[in-house]
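Asks: Chain by chain, the residues run as shown.
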Amino acid sequence: MMVSTVFNQLFPSIHLALGEEKTSQLLSSMTTLDLPAGRKLIRDRMPVDSLYFLMQGEVSISVEEGGRQIALGELGPGQWLGEVSILSGELLASSTVTANTAIQLLRMKHQAFADLMAQHPDISRVLLEQLTKMMTERLRTSLEAGTAPIAAADLGDPPKRGLLWALFGSNGG
Amino acid sequence: MEFRQFIASLPAFEGLPEQDFEALLQVLHYEPHIEGYEFFTQGTPHGAMYVLLEGSVRVTHRDDNGNQVDALELRSGEVFGLLGLVEDGLPATATAIATTPVGAVTLTREAYQWLFAAAPTLAHRLQYMIAVQLARELQYRNRLLRIRIRTGATA
Numbered sequence: 124m125m126v127s128t129v130f131n132q133l134f135p136s137i138h139l140a141l142g143e144e145k146t147s148q149l150l151s152s153m154t155t156l157d158l159p160a161g162r163k164l165i166r167d168r169m170p171v172d173s174l175y176f177l178m179q180g181e182v183s184i185s186v187e188e189g190g191r192q193i194a195l196g197e198l199g200p201g202q203w204l205g206e207v208s209i210l211s212g213e214l215l216a217s218s219t220v221t222a223n224t225a226i227q228l229l230r231m232k233h234q235a236f237a238d239l240m241a242q243h244p245d246i247s248r249v250l251l252e253q254l255t256k257m258m259t260e261r262l263r264t265s266l267e268a269g270t271a272p273i274a275a276a277d278l279g280d281p282p283k284r285g286l287l288w289a290l291f292g293s294n295g296g
Numbered sequence: 022m023e024f025r026q027f028i029a030s031l032p033a034f035e036g037l038p039e040q041d042f043e044a045l046l047q048v049l050h051y052e053p054h055i056e057g058y059e060f061f062t063q064g065t066p067h068g069a070m071y072v073l074l075e076g077s078v079r080v081t082h083r084d085d086n087g088n089q090v091d092a093l094e095l096r097s098g099e100v101f102g103l104l105g106l107v108e109d110g111l112p113a114t115a116t117a118i119a120t121t122p123v124g125a126v127t128l129t130r131e132a133y134q135w136l137f138a139a140a141p142t143l144a145h146r147l148q149y150m151i152a153v154q155l156a157r158e159l160q161y162r163n164r165l166l167r168i169r170i171r172t173g174a175t176a
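Chains as they are written, first to last, in our numbering: chain L, 124 to 296; chain P, 22 to 176.
Don't read these hints as lab results, they were simulated from the structure. Even for Gly, the Cβ is constructed at its ideal location relative to N, Cα and C. A portion of the hints provided could be inaccurate.
[Unchecked claim] Pairwise CB distance ranges (calculated): (1) GLY173/P / MET169/L: 21 to 29 Å; (2) LEU156/L / GLY64/P: 38 to 46 Å; (3) MET257/L / TYR51/P: 30 to 38 Å; (4) ASP245/L / PHE24/P: 29 to 37 Å; (5) GLN179/L / GLU75/P: 49 to 57 Å; (6) GLU131/P / GLY199/L: 32 to 40 Å; (7) GLY196/L / THR172/P: 19 to 27 Å; (8) ALA92/P / SER183/L: 30 to 38 Å; (9) MET169/L / THR121/P: 24 to 32 Å.
[As the list claims (entries may be wrong)] Computed list of chain P residues with no C-beta within reach of chain L, every gap over 12 Å: (10) PRO112; (11) GLU131; (12) ALA132.
[Claimed, not checked] Partial list, computed: chain L residues near chain P (C-beta under 8 Å): (13) GLU206; (14) ARG263; (15) LEU266.
Kindly generate the complete structure, drawing on both the sequences and the hints.
Replies: What follows is the structure, encoded as structure tokens:
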């Protein structure tokens, strides 16, 4: 089956909102990546250079520390990966993503994502809408799960809640 | 500095098309608040974002036992409470309290939705800022998880 057909089935909201032509434009900014079972696609706190759309197979998500890990769950076709590092600007992974089975992904490099954001507001609006929905649900789940008591000294920098000065150049891009 | 000029000088709003900027001024609502005013409370959904114009606001985060684990002082011109604009509401991830008498402008979730038609460039910019804030919050949550692993708080 053609990549575009599979994409449209797995990401129907994007296809519906963008239509054929803009969906093709979006797909042209991505490449296909196949990985065998067991391979780590993203490694916690290691650099991430792309955003991924999971097209086939299943991955597990975990957070690592000192050789131990907490499993956060599993994701299947129709999910995005790598969005936290691309958007937070840290470009470091916030979790480890391991292929449970052979997987196929569509990969969008950071630069292609940045170009879409700057030059194609119609496409980026749709992507941001979907990303926001997905991250909102992930954050809601995380907040409901709660956190154990922690020491302030361990925490490092809190997420910045003030103005996002660094994000915008003089053209507001 | 005049209010209009001040808003136009903020990085979040600078360089907007005239139509978008006028729409923004229509929906920003100025309010003075007394010291101790709580803009939003951790764990409780709220429906607006704010821009601090004058005075000081402290943003704090507490763990599940109510212990304060970090604090941030906001200065004039800073935007806060962005996640209050998220559709369907999200429990606030922190508490924001005025530590002096303050002046702030409010942008409600309803106004944000209206901007998509009236001021698409601005709405897109805010949408991006919200996505960035969500990503940072998720990273922060995973950092908390690492601390739980390190301190043996989970099996």
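Asks: Return the numbers of the hints above that this structure violates; sort them in rising order.
Replies: 9, 10
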